[in-house]
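**Student:** Produce the entire structure from the sequences given, and follow the hints as far as they go.
Going down the list, the sequences are from chains A and B.
First residue of the first sequence? That's 2 in the numbering used here, and the numbers climb one at a time after it.
First residue of the second sequence? That's 2 in the numbering used here, and the numbers climb one at a time after it.
Derived by calculation from the structure, the hints in this document are not laboratory data.
These figures come from a predicted structure and were not determined experimentally.
All C-beta atoms in this analysis are idealised placements derived from N, C-alpha and C, irrespective of residue type, glycine included.
Please note that a few of the clues may not be correct.
Pair by pair, the computed Cβ-Cβ distance ranges are [what the hints assert, rightly or not]:
hint	chain 1	residue 1	chain 2	residue 2	range
1	B	D67	A	M2	23 to 31 Å
2	B	K55	A	L269	12 to 20 Å
3	B	D164	A	L180	40 to 48 Å
4	B	D164	A	E84	21 to 29 Å
5	B	S88	A	F131	47 to 55 Å
6	A	L254	B	S134	49 to 57 Å
7	A	L266	B	V17	25 to 33 Å
8	B	S88	A	T249	45 to 53 Å
9	B	N86	A	G196	32 to 40 Å
10	A	M2	B	P165	45 to 53 Å
11	B	E286	A	V170	34 to 42 Å
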Amino acid sequence: MKAILIVANKEFHDGLRNRWVMSISLIFALLATGLAYFGAAASGQAGFTNLSTTLVSLASLAVFVIPLIALMLSYDGVVGEDESGTLLLLMTYPLSRWQLILGKMMGHWMIIALSTIIGFGLSAIIMGLFSEDTSWGELVKPYAFFIAFAILLGWIFIAIATMISASVVEKSKAAGLALIVWFMFVFMFDLFLLGLLVGTEGNVNAELFPYLLLLNPTDIFRLIIIDFFAQQELTGLMAVAQHAQFATSSLILSMLAWFIAPVLLAILLFNRRKL
Amino acid sequence: MNIVELQQAGKNYQGVEALKSIDLNLQQGEVLGLFGHNGAGKTTTIKLILGLIKPTVGQVRVFGDDPTGDNAHNLRKQLGFLQENVSFYQQMTGREVLSYFAKLKGCDNKQVSHLLEEVGLDHASMRRVKTYSKGMRQRLGLAQALLGKPKLLLLDEPTVGLDPIATQDFYQGIARLKAQGSTIILCSHVLAGVEKYIDRALILGQGQLLAEGSLTTLTEKADLPVTFYLQGSNLQLPADLDAHTFPINGGIKLQVSQQQKMAVLKQLVALPTLENIDIQMPRLEDIYRYYTNDMERSQ
Numbered sequence: 002m003k004a005i006l007i008v009a010n011k012e013f014h015d016g017l018r019n020r021w022v023m024s025i026s027l028i029f030a031l032l033a034t035g036l037a038y039f040g041a042a043a044s045g046q047a048g049f050t051n052l053s054t055t056l057v058s059l060a061s062l063a064v065f066v067i068p069l070i071a072l073m074l075s076y077d078g079v080v081g082e083d084e085s086g087t088l089l090l091l092m093t094y095p096l097s098r099w100q101l102i103l104g105k106m107m108g109h110w111m112i113i114a115l116s117t118i119i120g121f122g123l124s125a126i127i128m129g130l131f132s133e134d135t136s137w138g139e140l141v142k143p144y145a146f147f148i149a150f151a152i153l154l155g156w157i158f159i160a161i162a163t164m165i166s167a168s169v170v171e172k173s174k175a176a177g178l179a180l181i182v183w184f185m186f187v188f189m190f191d192l193f194l195l196g197l198l199v200g201t202e203g204n205v206n207a208e209l210f211p212y213l214l215l216l217n218p219t220d221i222f223r224l225i226i227i228d229f230f231a232q233q234e235l236t237g238l239m240a241v242a243q244h245a246q247f248a249t250s251s252l253i254l255s256m257l258a259w260f261i262a263p264v265l266l267a268i269l270l271f272n273r274r275k276l
Numbered sequence: 002m003n004i005v006e007l008q009q010a011g012k013n014y015q016g017v018e019a020l021k022s023i024d025l026n027l028q029q030g031e032v033l034g035l036f037g038h039n040g041a042g043k044t045t046t047i048k049l050i051l052g053l054i055k056p057t058v059g060q061v062r063v064f065g066d067d068p069t070g071d072n073a074h075n076l077r078k079q080l081g082f083l084q085e086n087v088s089f090y091q092q093m094t095g096r097e098v099l100s101y102f103a104k105l106k107g108c109d110n111k112q113v114s115h116l117l118e119e120v121g122l123d124h125a126s127m128r129r130v131k132t133y134s135k136g137m138r139q140r141l142g143l144a145q146a147l148l149g150k151p152k153l154l155l156l157d158e159p160t161v162g163l164d165p166i167a168t169q170d171f172y173q174g175i176a177r178l179k180a181q182g183s184t185i186i187l188c189s190h191v192l193a194g195v196e197k198y199i200d201r202a203l204i205l206g207q208g209q210l211l212a213e214g215s216l217t218t219l220t221e222k223a224d225l226p227v228t229f230y231l232q233g234s235n236l237q238l239p240a241d242l243d244a245h246t247f248p249i250n251g252g253i254k255l256q257v258s259q260q261q262k263m264a265v266l267k268q269l270v271a272l273p274t275l276e277n278i279d280i281q282m283p284r285l286e287d288i289y290r291y292y293t294n295d296m297e298r299s300q
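**Tutor:** What follows is the structure in C-alpha cells.
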C-alpha cells in the first residue's frame with residue numbers, strides 16, 4: 002500500500018507542478034459559470050438562469066471536455082516512462098507492477114478530483130453569490146451530485162487512457178488511440194445510435210434499444226444527471242432512455258462497472274507488458 | 002554463497018536466441034566486466050539477474066534466490082541498477098528525483114543529501130533535471146543506484162557521457178565500493194580505463210559466451226604479443242628479432258610473445274644506440290578484439 006501511495010503522491014505533485022490542476026480547474030470554472038450566466042442568451046436574456054437547466058446543459062458539455070482532459074492527462078503514463086527509461090528502472094525496485102500502475106492512476110484520479118471540485122465548486126460559489134433566485138441551500142446538493150459524477154466520469158477515462166498507455170510501445174500511438182477513443186465515445190457512438198434509429202425508421206426494439214446507451218459511459222453520465230433533475234424534458238438521443246426507465250441505482254452501477262473494468266484491464270495489460 | 006549464479010541460463014525471444022545457455026558464478030566483492038557489441042546479450046544477462054525476465058532455459062539465482070520469485074521484493078532492496086540512457090523526470094529537481102527513488106526503496110531520506118554530495122551534484126540538487134548535462138544525469142543515475150547501500154550493483158554503460166576526470170572518479174568509487182564488500186557488474190563497450198578495476202571479464206558475442214576469466218588468464222590464452230616502440234639512430238637489432246619489426250614514424254615497432262618479454266628487453270637495453278623505449282602490454286581492447294574476431298573467424 003505504501004508503494005502505491007508514494008507513486009500516487011508523485012503523480013499528483015507532477016499534476017500540480019505542470020499546472021494541470023490549475024488549468025483544468027480554470028476550464029471547468031469558466032465553462033460552468035459561463036453556461037450558468039449565458040445559458041439563457043438564446044431566449045434573449047443574460048444572467049443566471051435556472052439551476053437544473055444549467056447543470057443539465059453543463060453535463061452535455063462536460064461529456065466532451067472531461068474525457069478529453071482525462072485522456073490527455075494519462076495517455077503517456079506508462080509509455081512515457083518506458084520511453085524515458087524510468088519504467089525499466091522502477092521495475093528493479095521493490096515495487097510490483099500492479100502497485101505502480103494503480104499508483105499512477107490514483108495520482109491522476111486525485112488531480113481530476115481536485116480540479117473538478119475547485120472548478121465546478123468555484124462556479125457554484127459564484128452562482129450563489131450573484132444569482133438572485135438561487136439560494137445556497139438549493140445549490141449544494143445538485144452541485145455536489147454533479148461534481149461527484151463528473152469526477153467518476155473523469156476517473157473512467159483516466160483508467161481507459163492508462164489501459165491504452167500500458168498496451169502500446171510508442172507515445173505517439175498512445176496519443177492517436179486516445180484521440181480515437183474520445184472520438185468514438187463522444188461523437189461516433191451517439192451518431193451510430195441515431196443512424197440506427199433513422200436507418201430502421203424507428204423500427205428498433207424499444208425495450209432493448211435504450212440499453213445500448215449503457216455501452217457508453219458518457220451517455221450513462223448524462224442519464225444520471227438528467228435523472229437527478231427529473232423535471233427536465235429529454236431531447237435528442239437521451240429521449241430514447243424514457244422507454245427504458247432506468248433506475249438511478251442501475252445507472253450508477255453501470256457507471257461503476259465502467260470504472261472497475263478498465264482499471265482491472267489496465268493492470269492486466271501492464272502485467273503482460275514486455276520490458 | 003555465490004551472489005550471482007547462472008546455470009546454463011538462456012533466453013529466447015520469439016524463437017530468437019538472445020542468450021545461449023551461459024554459466025556464471027560471482028562471489029561477494031568481485032567486480033565483473035561484461036563486454037560485448039550491441040546485441041551480444043549483455044542487456045539480456047542483466048535483465049535475467051535483475052529478475053525482469055525469466056530464463057527460457059536454465060536457472061538464475063541472486064543471493065541464492067530466484068530473482069523473479071516470491072522473495073523478489075526483498076532481493077531488490079539489496080540491488081542497485083543504472084541503465085543506459087535514463088533521462089529521469091525532467092520537471093523534477095535532482096533532489097526530488099532521488100527522494101522519490103529513496104522512498105520507493107524504503108531508504109532514509111538522509112541518504113539523499115549524502116549521495117548527492119558524493120556524486121558531486123549537491124550544488125545542482127535544487128535545479129530541474131531538464132537543465133542537467135548528460136554527465137550530470139549519469140551521476141544522478143549513479144546516486145540512484147547507490148541508494149540503500151546495495152550489495153549487488155549492476156551498471157550498464159556507467160561512464161557514457163562522463164568526462165575523463167569524472168570517469169576516473171567513478172572508477173575510484175567502484176574500487177571503494179568493492180573494498181566495502183559490494184559485488185559489481187560493469188557492463189560496457191567502452192573499455193579504456195576499466196582494466197584496473199575489474200577482477201574478471203566476461204565477453205559475449207551474439208548471445209554466446211566467448212571468453213571468461215581474469216585479464217591475465219585471458220591475455221595468456223589469447224597469446225597476444227607485447228609491443229616495444231624503439232627510438233634511436235641506426236638501430237641494428239639482432240637478426241632473430243629483426244624479423245618481427247616494422248618501421249614506424251621515427252622509430253621501430255617490435256612485437257614478441259609475452260614469454261620472451263624479459264629476454265628481449267635485456268637484449269634491447271644492451272643496444273648502444275637505443276635512446277628510448279616504450280613497452281605496451283596487450284590492453285583489454287586487444288583482448289576483446291581477439292575474442293570477438295575469433296568468433297567471426299570460426300563462423
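**Student:** All hints, please: hold or fail.
**Tutor:** Cross-check of the supplied hints:
no.	hint	in the structure
1	D67(B) - M2(A): 23 to 31 Å	holds, 25 Å
2	K55(B) - L269(A): 12 to 20 Å	holds, 19 Å
3	D164(B) - L180(A): 40 to 48 Å	holds, 44 Å
4	D164(B) - E84(A): 21 to 29 Å	holds, 27 Å
5	S88(B) - F131(A): 47 to 55 Å	holds, 48 Å
6	L254(A) - S134(B): 49 to 57 Å	holds, 54 Å
7	L266(A) - V17(B): 25 to 33 Å	holds, 29 Å
8	S88(B) - T249(A): 45 to 53 Å	holds, 48 Å
9	N86(B) - G196(A): 32 to 40 Å	violated, 49 Å
10	M2(A) - P165(B): 45 to 53 Å	holds, 46 Å
11	E286(B) - V170(A): 34 to 42 Å	holds, 35 Å
When held up to the earlier numbered hints, the structure conflicts with hint 9 and nothing else.
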